[in-house]
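K.L.:
Sequence:
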Amino acid sequence: MDGRDEGSSEMEAPIAVDLSRGSAAADLTGKVHQLPCCIKHDGPTPVSQYFKPKPTEMEVDGLKVEEAHFRGRKLHGTTVALPRGYSGFILGKKCHDQGNNGMNSQGWVTAATFEDITVWNHDAIPSKDDAFLRAFHWFTAANALHQTVTAEDLESACIDWELV
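Quick note: this note's numbering has the sequence shown finishing at residue 164, numbered continuously throughout.
One thing to keep in mind: the hints can contain errors.
[Claimed, not checked] Label-pair distances were calculated between CB atoms; the ranges are:
1) K54 x L154: 45 to 55 Å
2) R73 x A16: 35 to 45 Å
3) G72 x L154: 55 to 65 Å
4) S156 x R84: 24 to 34 Å
It is worth saying that the hints were derived from the structure and are not from the lab.
Keep in mind the model is a prediction, meaning the values are calculated, not measured.
No residue lacks a Cβ here, since even glycine has one placed at the ideal position from N, Cα and C.
Make the full structure from the sequences, and use the hints.
P.N.:
If you want it as structure tokens, here you go:
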């Protein structure tokens, strides 16, 4: 069994992800929101006509608090920049036939990019203790784990067991 459907006669090519920032990729910085709900709709909608966040005078843990309403519920949110060196990507599916060889090329292309995200809560004021914001701490840990270790780093980390 090779993972393909038994009725499928076409060979599948590997899936590729193109993260290049072509001219077709829109910049959605300031327009990406993480809402505390599930929206069962897939398609265009005039979001900016109905969802209108407003700044407040509140600041918690150094985070400026915004306010909005969604379906009658009051939301509090904050906009946070992605960590330095990271970017957000919104991908769109691309699929096209590669001719008569029976191979389909499937993949993802960059539809838009963003440099910040607004995180919303409906039951609490945003703070640095929010699970979504705490996940950003992993970027620092991941960078430390993937740095090259030099001989000097190893020497300074060695424990002299004779002194212990």
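K.L.:
55 to 65 Å was suggested as the range; check whether the CB atoms of G72 and L154 agree with it.
P.N.:
Given about 59 Å between the Cβ atoms, the range holds.
K.L.:
Quick one: are R73 and A16 within 35 to 45 Å, going by C-beta?
P.N.:
Given range 35 to 45 Å: holds, Cβ gap about 40 Å.
K.L.:
Honestly, do S156 and R84 meet the 24 to 34 Å range at C-beta?
P.N.:
holds, 26 Å
K.L.:
Do K54 and L154 keep their Cβ atoms within the hinted range of 45 to 55 Å?
P.N.:
Holds: the Cβ-Cβ distance is about 53 Å, inside 45 to 55 Å.
Every hint from the earlier list agrees with this structure, and none is contradicted.
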